[in-house]
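Visitor: Using the sequences and the hints given, assemble the complete structure.
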Amino acid sequence: MLKTAAFALGLLAPLAAPCIAQAQTAPEPGGRDRPPVITDDIKVQMYGWVQLDGIYDFNRVDPVWVGGFRPSKIPTEEGVYGEDGQANFSARQTLFGVSGEGDLNGTPVKVAIEFDLFGSGSNAGETTFHLQRASFEWGPVMAGYNKSLLMDPDLWPNIIDFWGPSGMIYVKTAGVRYTFVNTDTAWLAAGLELPGNDVDPGLIRVIDPDLGNNLTNTQKYPDFHIAGKYSGDWGHVRLAGVARSVGFETVGSPGGEPNGDELGWGLDLTSVIKLGESSTLRAGYVWGEGIASYFNDGGTDLAPELDTTNLQVEAQAGQMYGVMAYLEHNWDDKFSTAIGVSRTNLENTNLQSGDAFHRGDYASVNLLYKVTPELLVGGEVLYGTREDKDGDTGEDTRLQLSIRYSYGVTVMGR
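For the sequence shown, the working numbering gives the first residue as 10, with consecutive numbering after it.
These aren't lab readings, by the way, just hints derived from the structure by calculation. Honestly, I wouldn't trust all of these hints.
Stated by the list, open to error - With beta-carbon atoms standing in for the labels, derived distance ranges: (1) A133 - L197: 53 to 63 Å; (2) W274 - D341: 25 to 35 Å; (3) V73 - V150: 48 to 58 Å; (4) V418 - Y294: 31 to 41 Å; (5) V89 - T192: 45 to 55 Å; (6) T406 - Y330: 35 to 45 Å; (7) Y65 - D341: 25 to 35 Å; (8) Y65 - W165: 16 to 26 Å.
Only a predicted model underlies this, so the values are computations on that prediction, with no experimental measurement involved. Note that CB positions come from ideal geometry on N, CA and C, so glycine has one too.
Guide: Structural data, given as structure tokens:
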């Protein structure tokens, strides 16, 4: 515990450093004392959970992504990943976080850093450290790595699957935002974020392999976001929008040609509604073009389209929509259930290959038991389908049993 506390304090050292430095610095000759930057009223907490998931797929999914249920990773060709039926244990949902609160020049300041063990990118499929959050909040300003402003952080249902509903906006990225309004009933914020861009060369890889293999995405401008929320005793309704440049270029060719940019945009309408004292409805609908990178699962931002009028190949921002609805019910203070469905749908271009993702459906139901406030056990049944552009489909049914122990401790301050 002492080593862990020391590690946590080390992560939050920058928060306390100005205060310590101030206490040890003498007044400047001929000048006045510098005002303290951060007070000594600092609170540092460690929190998180340890979770083990027991998973059984009655069909098969891509084994690299078995730790989370993703319809886009369900094969539409039988036998690609072997025979049906596969068991797995995963501790990748285990999370560790450390946060600090203080005061910076009279304005509250918060710092938070979180990691889980769900490898992604080049570490996909591995149990390894994976950054979930590294953010700094000073009054109305937030900077760092956090949940996208396009995403409603309250929309996530009470489930134990790691990945969650496919048709909702869920992405964490680096950015900066400013909150203009923050009252009990109204909230309004805007910001810039690191753009993500997935380009599908499609059939160009067949028509011209050299060109298709050298096409890559470009990120010339940050994505602009704005979001507003209205809240009441009944719950809240939230509307968020994004405008972005979705670009591509050809690596190794003069001037990067062919290249180009398309306008991407999206709107995310979400709501959380309390249904009496024991039930809650979480629902959302998102649509737009060139925003697949913000969806929780499936799709592509940019793909080639053949204009049949002039026989010219053009880049087209993928048109997508997503929908989700989950009903949660607390049977008593120990047992709870969440049941819901979700869909991601991409309008494919005529030059995408036949096996390109077109639609993904996600559904789940669970029964969770809170043994103590810290200990949760439960089971969840999930069902997902994938449909490709050419109409081929695949499905999987999953049973997941999980146990989670949560913790939180104040290691410094009030």
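Visitor: Please go over all the hints and tell whether each is borne out by the structure.
Guide: The hints, checked one at a time:
1. A133 - L197: 53 to 63 Å: 37 Å, violated
2. W274 - D341: 25 to 35 Å: With Cβ atoms ~45 Å apart, the hint is violated.
3. V73 - V150: 48 to 58 Å: Roughly 38 Å apart at Cβ, these two residues miss the hinted range, so it is violated.
4. V418 - Y294: 31 to 41 Å: 40 Å, holds
5. V89 - T192: 45 to 55 Å: Given about 53 Å between the Cβ atoms, the range holds.
6. T406 - Y330: 35 to 45 Å: 25 Å, violated
7. Y65 - D341: 25 to 35 Å: Roughly 28 Å apart at Cβ, these two residues keep to the hinted range, so it holds.
8. Y65 - W165: 16 to 26 Å: 24 Å, holds
When held up to the earlier numbered hints, the structure conflicts with 1, 2, 3, 6 and fits the remainder.
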